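*Asks:* Generate coordinates for the entire structure from the input sequences, incorporating the hints supplied.
Protein sequences appear in the order of chains A, B, C, D, E, F and G.
Position 77 (the first sequence) corresponds to 77 in the working numbering; numbering is contiguous.
Position 31 (the second sequence) corresponds to 31 in the working numbering; numbering is contiguous.
Position 1 (the third sequence) corresponds to 1 in the working numbering; numbering is contiguous.
Position 65 (the fourth sequence) corresponds to 65 in the working numbering; numbering is contiguous.
Position 11 (the fifth sequence) corresponds to 11 in the working numbering; numbering is contiguous.
Position 63 (the sixth sequence) corresponds to 63 in the working numbering; numbering is contiguous.
Position 399 (the seventh sequence) corresponds to 399 in the working numbering; numbering is contiguous.
Everything labelled a hint here was simulated from the structure, so no lab data went into it.
These numbers were taken from a predicted model, which means no experiment stands behind them.
Each residue gets a CB set at the ideal place from its N, CA and C atoms; glycine is no exception.
Warning: the hint list may mix true and false statements.
A few chain E positions that, by computed beta-carbon distances, are all more than 12 Å from chain C [as the list claims (entries may be wrong)]:
1) 5
2) 7
3) 10
4) 18
5) 53
6) 61
7) 63
8) 82
9) 93
On the chain F side, residues computed to face chain B include the following (Cβ under 8 Å) [what the hints assert, rightly or not]:
10) 8
11) 61
12) 76
13) 78
14) 79
15) 83
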Amino acid sequence: MEATNKISKFFFTWVVLFAIWLAFTSTFALAEVVTGVVVSFIIAIYNFNNFTEIGLKSFSPKKVLYMIQYVFVFLWALIKSNLNVALIVLNPKLPINTGIVEFETKLKSDFAKLVLANSITLTPGTFTIDVIDNKYYIHWLDVKCTDRDEVYKEIAEPFEKILLKIFQ
Amino acid sequence: MDLFLEIILGVVALALILSFVRFVKGPTAADRVVALDTMSVTVISLLALFAFMFHRIIYIDVSLVYAVLGFIGVLIIARYLEGGI
Amino acid sequence: MKKIIIILLLAVIGYFLADIFFEIPFGEDSMVVSKEYLDKSPNDLHVANTVTSIVVNFRGFDTLGEVTVLFLASTAIGSILFRRRKVHTKLNPQRNAPHASRIVQISAKILFPLIVLLGAYVFIHGHLTPGGGFQGGVIIATGYLLLLVTYRKFSVSHSSLTWIEAIAGVTFAGIGVLGLILGKDFLENFLPVGTINNLFSGGIIGIIYVAVGFKVASELTGILDTMLSIKVDSEENEQN
Amino acid sequence: MSVLTVLIVVLGAIFLVVGAWYVLTRKDLLVATIASSIISLILSVFFLILQAPDVALTEATVGVALTTIIFVVTIRNTKRMEE
Amino acid sequence: METVLQYLGYFFISVGAAFLLLGSFGILRMPDIYSRLQAGTKASTMGSLGMLFGIGFLEPQWLPKIIVIMIFILLSNPISSHAIARGSCKSGIKPKLNETVNSYKRIAEGCEESIKKEE
Amino acid sequence: MSEELMQQILSISFYGASLALILIGVYGVLTKKNLIKILLSLTIVDSGVNLLFVSLGYIMNGTAPIFSPAIMDGKIEVLKTAPMVDPVPQALVLTAIVIGLGVTAVGLALVIRLFRHHNTTNIDEIRNLKW
Amino acid sequence: MVVANPILYVALPLLVAFLLPLFGKIHKELIRVVPGLLFMFLIFNTVVLFSEVTSTGKPIITQIAGWAPPIGINLVFSAFSGFIAGIISIMGLLVWVYSYKFKKVEFDNSLKYFVLIMLVTAGSIGVVLTGDIFNLFVFLEIVALSSYPLVAFYRGRDGAEASFKYLIVGAFASIAILLGIVLIYSQLGTLNMAEISLRIGEMPEKIKITAFILLFLGFGIEAEMFPLNGWAPDAYSQAPGPVGAVFASMTAKAGIYTIIRLVFTLFDIDAGYQLLLGMGIITLVVSEGIALRQEKLKRMLAFSSLGQMGLLMIAFGINTKAAVVAGMFILFNHAVIKSLLFFSGSYLVYNSENKNIKDLFGFGKKLPLTAFLFGLGAFAIVGLPPLSGFWAKLSLLMASADSNLIALIALILIVSVVEIVYYFRVVNGLYFKKYTGEFEPHKPSWNASLVMLILAAVIVTVGLYPDLIYNYFVNAADALMDKANYIQNVLPSNFVGLN
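*Replies:* The structure is reproduced here in structure tokens:
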């Protein structure tokens, strides 16, 4: 189990790095591809353990579909948040009601936590200040509620649903 | 086309000015770091825009490197602020 | 009083310098030797990036000096800041410092391979795109810096750094001397030059840039590690 | 060279001078370091405008991360405020 | 088809530029550092993404590199603002908060707790 | 705006900025008492010289001296006629930047050591050695 | 297969410096032995190349990377540059022998010490040999960057301060030099020294003079010219003993070489010679005056060394054949005698904390050999016959008499009297004052004694038979003064004649 897991992680890292290499070079010339394979292999050897948690499993079609869904949810939230900020900033009265709230996440994977934190930072009016264990401390421009569960529902739930399915 | 790019450049320049004003005003060092952060993100786009204007894909590399290193530069100061270095 | 004198002095100097600077026309073609470079780099050496061919081939000796300067800087910093090896290892960098946030740590984990890949891309493509050994090396060192500032227990193995540094440096200088042994000049190209804009073009230039990249990366990582592992407050008692 | 590029150059020149003045006059050395970081940011834009991507890349790599960290480490080991 | 792509590109670039401007405006107007970060991060991330994407539309063969830049920005920009926020929190910069909803004390305690735990 | 006017404005801003950086930096080195400030001023002077050197190599409407495929193909109209800027200043400035970095790093290491001995970074309090 | 090549002067030390940490991992002793072998090879290199130069009468031009001079960088091993390179490499070997046991216990430190010594040697030789002005700048930086840690090598409190002072001044120098190079390049579009020298007339007068002043300023700092030499005495006195000799015999030589090249070859400004002469006179008078008042031995030696640099500038500033030959003689003397003084002097004040002159009273009986050698060096540098310093000063006096500079003769004589006064104070203290017993004398190890004896032997031999090496001085002076020949040798195809 351990060994297959490692191999899967390694190949995942290798493939991702190689894809990024191809994006860097933007060509399929033989020399570039060969060099890319070698370079990403070398870097992957040293980093595969840290780079991913679930390895090749993240390529399974179901997860990919969820990822695409997540991207759309996220983009929608991003656009909403920007309009939100725009409205606040352009309003001469600066209608803000800031506060710091906290909630607990159900996510276990570190990577999922990272993605959640980034998403929260980039979505409407909220901003991750600190993450300690499972607790997220959020700076909120327009505080609506302070109760943990309500906060959780308001801020994290739409993302977490999908993240739970992606990182398992 | 050209006029459009000129206008965009003007807008980006205005954005740079505003962040620079925050840098000059910012009461604490942290505020200035925020200004630096915003400026570096703006500069990433500006560099990409210049690459487009000069019609040379290789200039994008600068923007690419900036996207990575600007982050680290800000992170270092942030870590110093929290006493981590 | 002293300040006024200095300002006056600088004003005079500034006036003269401005007088001279503005006499040099801006944006006009005044190349002499550079014309040769712009002609020879794509046609003789088959190197797309003329700056690279100047840095590594036409004026490769400067680059050897530049690499030496960095080597000296790392030696100098080691010699200035630390006295004994023991002290060096004992002073673990950020013993009292708080950890970075968990999120920053994870993102560092993910970003590190990407940064190293970017650095490798920059120095492998030094002869095709902007950048090269030095820039790539700096980027890789910055990747290590990311780990050094986020993980307080992370430390770089100095022994392997020494090896990489030495091997890379010897590759650079050794390729030069190899040219001498093969009956050519120091640092002269002795490999086929390939076609322009291919990855494998430019003969020894690519190899030298890779060596420079490794050397710069290891040296700067060493410097950063040394500087980050300084003990913060008072020091050990030292006499001559 | 378009008109607005010229404007950005003029603007950048002003930023450079103000930033340099800031480096000199601030008592807080961390702010001075941030200002020098901004100087190298502007400089690398300048270098790209001057069609020197190699130099722009070097200035970006050196000026943003490396110079900042060595100054910050020194400030950490000495005093943050200039007296 | 080409013209459609071009107009899309122009659209994205204009949106990006607008948001960049908005972000800078935001960090200028907001009252304290945390709100500034809010405005700055969101708007500038969105702005640069839009701008890069638009350029990618105009020059399709640049798209791979631009996507990589976008990934980098998406990964790094929120993190850097998060780091600044945490740093300024730990260095003792207090946010201007609405007094009724303030768990700032809790977070400060939380910071200390986490430091203790790690040692 | 006419080409000549643009050229003039550009020359004033580039030369002026580099001259200002050099002078401000020198002023800082000469008057500042703080060791770190002195080194910061030195880096400013360095940047000024580098900017001056690169702007001397510029050619109006030129392009970077890199013979990438876009240039070799000659498909893009603008690049066909664009002259290449002088590559030598760029190559030299690369070396100069690296040397500046090395000197700054060594200087900062010395500052740390001086601080350990004297517990100050003020140059007036460190002056043991006199003529 | 090449045996001797000017390029090896630079390439090999760098190669060895990069490899030295690995040698250290194989066996600890190797980090001492290998640099010695390297220095021996450099001397062998010098001998082979020098014999070639003297037999053909033409300088050896080495091009790098296979490009002819204006395009590529080139090294010029002429009778002049080879002469200085030879002095530097021989002094390198002697410094190595002298410091063979230096910091033997501390592996890391001795490794760094030898790396730095090797690179300072390589850098100085590179400065002397290179034919490209930007390359010269790079090598000057290598020299400077390896000197800073050497000055701060001891952990005493003032080493770092002297080093920092040196660093700031050196950074100023490098910026001035870089600006000068920028101005030259912007006008002439080339960096090759021969081509610059050929086409210097094309530069507009104003820019030419500014570039000259900037370069003169920058090189003047490296050459320890007054009033830019405030860093030098601190650096000399805070550095470890052998490093003082390194500064006197290597970096100062590289510095004076640059300023000579600047005035003699690079620019065609006649006022340059007068400037050099005037600066030399000021440097000489001021530093000897200050040396008279010094309480500390090493500072006194440092100021005396600055005085010698002033003397050198005077000799080259007179710009007649005889004066330049005298200058070469002084250059040689300064390297040999000052090294001897630094070597023996650092043993005389070994245990003293403040390195004051009065701490070594009575050491003449305690350390007979060292004290004797120090006295010999002192007599030699003052110019007492029949030691080598006498001939150097005599030829300088003759040369200035030829040029009708009577006031200068008087000045040099007065300064010699001043030198006699302060050196005799030390020698007098050594032999005729009572040993106070405050400081235990430290016996020099056998390798240090060997080096000092060799240097003393050289001084005495040259003093007795100056003709032995006089010819080299003449050749070197010829090579320096024949600008047209230099240009022709470096740029054979482009040569169109100087007029």
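*Asks:* Which hints from the list above does the structure break, by number from lowest to highest?
*Replies:* Violated hints: 8, 10, 11, 15; rest satisfied.
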